[in-house]
Amino acid sequence: MQRSRARSRRVGAAIVASPQLAAPVPRILPERPLKVYAFDPTLGRSLGNHMTVRIPYEPDLKPGPIGKYIAVIDYDGVQKKYYRPVNLNEASVLLSGGIDPSESNPQFHQQMVYAVVNETVRRFEFALGRRIRWRRGGDPKDPLRQKLKVFPHAIAAANAFYDREMRALLFGYFAAESADFSVNLPGQLVFTCLSHDVVAHEATHALVDGLREHFTEPTSLDTPAFHEAFADIIALFQHFSYKEALLETIQRSGGFIHAPQLAPETSPGNRTPLVQTELTPTNPMVELARQFGEAMGPRKALRAALGTPPESLDIDVVTEPHVRGSILVAAIFDAFFTIYIRRTRDLLRIARAGGLSLTAGDLNSDLANRLAGEATKTAQHFQNICIRALDYCPPVDIQFGDFLRALITADTDLVQEDPFGYRAAIAEAFRLRGIRPVNAASWSEESLCWPDPEGGISPCQGLQPQRGAADPSFRGSYIALSKFGKANAAALGLSQETKVQAFSFRPVHRVGPDGQLRLGYVAELVQKRDKVPLDPQDAKSPTFTFHGGSTLLLDADGTVRYAIAKGLDDEKRLAAQRGYYERLATSMAATAYREPPEEIFELPFAAIHRGF
Amino acid sequence: MAKDKPTSIRVRMYRVGFGDCFLVTFPAPSGPEHVLVDCGVHERGDVGTIQKAVENIAEVTDRKLALVIATHAHQDHVSGFGKFAAQFRKFRIGEVWMPWTEDRQNPKAVKLKQKHRAAIARLQMYFASLPPSAEQRAGDVLQAINNLAGNEPALEQLHAGFGVGAKVRFWKAGSFASAPGDIIGLDARILGPPDDPDFLARMDPPPSQHYLTAKTGDGAQAPPPFAAKWIQEGAFPEYPLSKGELASIQKYAEEPPDALAFALDQAINNTSLVALFSFGGKYLLFPGDAQYGNWQYWLQGQDSNRILSEIDFLKVSHHGSLNATPKQAIDNMGGASLAAMVSTQNKPWPSIPRLPLLEAIRKRTRNRMVRSDSLQLKEPAPKGPAIDRMPAGFTQGDMWFDYSIPI
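Protein chains in written order, with our numbering: chain A, 2 to 613; chain B, 622 to 1028.
Hint data in this document are derived by calculation from the structure and do not stem from the laboratory. Take the hints with a grain of salt, since some may be wrong.
Claimed, not checked - Every beta carbon over 12 Å from chain B, so not counted as near; a handful from chain A, in silico:
1. T217
2. V318
3. V324
Stated by the list, open to error - In silico DMTMM-like cross-links for lysine to aspartate or glutamate, where the CA-CA straight-line distance does not exceed 25 Å:
4. B:K872 x A:D143
5. B:K872 x A:D536
6. A:K573 x B:D952
7. B:K872 x A:D210
8. B:K711 x B:D761
9. B:K948 x A:D140
10. A:K82 x B:E854
11. A:K541 x B:E931
12. A:K63 x B:D952
13. B:K864 x A:E245
14. A:K81 x B:E931
15. B:K984 x A:D140
16. B:K704 x B:D683
17. A:K142 x B:E859
18. A:K81 x B:E854
Beta carbons: idealized from backbone N, C-alpha and C, even for Gly.
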C-alpha cells in the first residue's frame, strides 16, 4: 500500500439531503476552537504565537473544565485556595472561541491546559485508532476516577510533573531569576502551564504511562531517558501543526525548517544589527519551552531538540535522563528533516526552474504554503509512527535500541511500500548516534524488524474484543492470555518457572499484505522476581523487584505474530540493572548522609523522574 | 632540626573529629618543607583537639608553611583558619591556594557564590521557623546547613593571606604548578574543580523554589499569583478533592528542602580543589571532599586511568561517604604501594563513613589504610575500629597518624 495516510476526519452528523419543508436541524459543531499560546507568553503575538486549537466538542463540559478525559482543578497548594473554574460553555466564551490569552487570568490558564492536553490525547487516538485510557487505579468512590486530573497552579516551583499515584499533572509557577537580556524580568512569575511544550510533554508522560505502565520503572539509563525523549518528541512534532508559525518559519528559513536561526526581517547587510528587525531570532520550531529554559539559567542549552549531532559519542557518556533523551529526540528529528527535504526537493527544483527566489525571507507564498503542507504531513506521519511503535515495544526495560526495532516493525506493518525511505532514514539516524538495535543481526530493514516467533505455537484461544471492565469477555481474555503464556513460555521468551500475569490487552489495527485493514490485539505478559538484593553477596542490601515479560502482537484469531520479550532469566540484564542502581545511588547527594533504605525505590528516584 | 637528610615524604593526619587537617612534609633539598591541607572541624563533630593540632603544626614546622590549601569553603575544612587566625598570623606562609570558585575577581565565581549564599540564607530561615520537634527530625539536614554557613571569618583570613604576605592563588582543573611554595622537586597537577558551563550548571542550587512557601520570620506567605477576584471561596463546588489528594499536593508544595540542603552541600564539596602532588617519583592525591560530579569530570579524561594507576597515597574524599570515591576510581587506583588515610567518624552523620566503601579501599590498599577515629583520645570521642597491627609505614602520635613514603 502506498503511503497515503490521510484519513477522513470524523464529522458529527451526516448531512442528509433534506426534504424541502423539514425544519433545519441545528448541527452540533464537531469541534471546539480554543485560544492558546503556540509557544509561551514571551513571544507575544509574533511568529503566530496566538493560535487556536480545535479539539473535539464536549456538549456537557462542566466548569473546570471537567470533560471526558481530563478534569482541570485549579487548587493552589501554596495559597491553599481554589481559583474560580472557567465555564467554556458560557455563551460569551463560546462565541469568541475561548478566552483571550492572558498571563493574569487563571481561567485562560485552565482553558489552555484543557485544550493542549486534549489536543495531545487526540494525536494518540488518531495514531492508535482506538480510545486511550489512563493508568489504572484511583479511589472507586471518586467521581473523577476515569479522568486525568490537571492542576495548573499546584506548587511554587520551577517544575511540572506527572504524578502516577494521583494520576494527575501538577504544574508549578515560580519567580524568574535575573539574567542578561532575558525575556523574563527578575522576579516575574513564570507559569509552566502556559508553555505549550511543557503541557504537551507532561500529558505525553501520562499517556505513555496509560499504555505501558512499566516504562516509568527506572531499570537502566535508557528507561527514564526514553520517557523524557518520547514526551519531547510528541511536544516538538506538535509545533509543525501550527499553520501560522510554520509558515513564518518557512518564509524566514528559506524552507530549511531545521535551521537553528531564522533570517532577520530586514538584512543588516555587512554591519552589525542596529535595530531589532535586523536580529536573527532563534527558530521556535526546534526549541523546547523557551521561557522556561531562560528562567532556569544555564540548563537551557540542554533542551535544544537537535542537540546531538551525528557521529557524537554522547550515547556512551551522557547519563542525565533529559540530556540522554535528547539523543533519541535528535535521531528522530534527523530522520524527520531528512524525509521533509526529500519530499520537497521536487518543489524546490520546480521553483528554481521557474526562476523563483529561494532566499530566506523572500519565498513565494504559494511555494511556502506547499512546503508547510509537506512539513505538516511529514510531521504527522512521524508522530504516528512513533506512537504506534509503543505497541511494538517490550513490556519492561525499554532500551533506545528496542524502540528502533519497534519503529521499523510497526511502520512495516502499516505501510508496506516506503518510497521516500522513512525506515531507512530512521535506521541511519539512529546508527549515526550510536544507538544500536538490541539483538539484531544487522542494520538491514529486514533484520531490524522483530523476528517471527518460533514455529509450533498454536493460536491463543478465547480472545474477544472487549469494551472495558463491564464487558463479560474482559476477564476471559486475560485468563486465556495468562494460560497461553504459561503453556508456551519458552517460545514466547518467558520464564517457565514463574507466574505469568496478563497485564494489558487491547485492539490494534494494521494493513494486511492485500491492502485490507486487519484487526488484531496487543497484549503485555509480565513476570517478576520479588526482593532481589542489590548486592548479590549481601542479603541485607536494599532490594528491588525485577520484571521481565513479553509483548504479544496477535491476529484476530489468536495467532502470535510477534513476541517481543525481556527475559526474567536474563542474568546479564539483571547485572546491568544492579549496576545502574548502584551508579544512581552514588550520584545522589542525600545518599551520602542517610542510611540506604530497605527498598531501592525509596531512594529519591522521584526526583530524577519527575519534572519537565 | 639538623638531622640526617630525610628520605621520605610524611603525611600527618590529625584527628580533629569530623573534619580534615593534613600536614604533608616533603624532603626538599633545602630541608623539610611543609604543606598544610585544610584545617577545620564540624561544630557537631568536634572532639576538642584542633587547637592542639595547630600548636603541633607550629612546633613541627617551626612556624613556616610553604603552602596552605583550603580545598573548599566548608566548616569542616576551614574553621581552624578563622578560629586560630592569631596563631596562623605568626607563621611565615608562602602561598595560599583555593579553588577558582572562591576567586572574588572571577565574575562566574562571584555569581555562583551569590546563588549559594542566597540558598543557604533561605534554608536557614526555613529551619529557624520550624518547631523544635521538627528540628530533631531534620537533624541530618541541619548539620549539612551548619557546615555551609558561618565560614566568612576563615575565608577572610585565607583571602588576606593571613596578613603575612602569603601569595593567594586560585586554581582550576587542567592547571599545573611547578615548585609550588618554592618547594624544589614538588609538582602539582590540578584535577578539579573544572570551570566549564556544564559543570557549573550542576553546581547551581536545584531549581525547585518550594522554599518560597517557607514562612518568613514574620509569618508572611509568598505573594498570591492572581488578583483576589479570581479566588473561589470555599471548596471546588462539585468535586472536592479528597484528603489524600490535598495531602499529596501539600507535600509537594511544602516539601521540606532536605534535598536542597544536601544538594547544596554536595555542590560545594564539588568545588573542592583536587591536587595531585608528585615528588621524587611518588604521587599523592588530595581530593578534598570531591563527590560524584567533580570526580566524574576528570575520570572521563583520557589519561585518568594512568593517573589513578600511579597514585601512591590517597586522602580519602569526603570522610569516606558513599558517593565521594567512585568504584571505577578504586578499581583502577594505585600499584602495589598504594596507601590511604581517611579522616572520619560517625558523628554527626551515622551513615558516614560508608563501611563497604572503606572495606573496598582497605582491600585495594592491602590493608594500608587507617581511619582517624581509630586513634584513642583522652577526651571522650566516637570510637572507630581499633587497629590490631599498625600497617607498614604508619605510626601514631598523641592525636595523629603518620604515614611515611620512602623516595
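Structure-based check of each hint:
no. : hint            : in the structure
1   : T217            : holds (17 Å)
2   : V318            : violated (6 Å)
3   : V324            : violated (9 Å)
4   : B:K872 x A:D143 : holds (21 Å)
5   : B:K872 x A:D536 : violated (32 Å)
6   : A:K573 x B:D952 : holds (21 Å)
7   : B:K872 x A:D210 : holds (23 Å)
8   : B:K711 x B:D761 : violated (37 Å)
9   : B:K948 x A:D140 : violated (45 Å)
10  : A:K82 x B:E854  : holds (8 Å)
11  : A:K541 x B:E931 : violated (35 Å)
12  : A:K63 x B:D952  : violated (62 Å)
13  : B:K864 x A:E245 : violated (45 Å)
14  : A:K81 x B:E931  : violated (59 Å)
15  : B:K984 x A:D140 : violated (53 Å)
16  : B:K704 x B:D683 : holds (20 Å)
17  : A:K142 x B:E859 : holds (14 Å)
18  : A:K81 x B:E854  : holds (11 Å)
Of the numbered hints given earlier, the model fails hints 2, 3, 5, 8, 9, 11, 12, 13, 14 and 15; all others are met.
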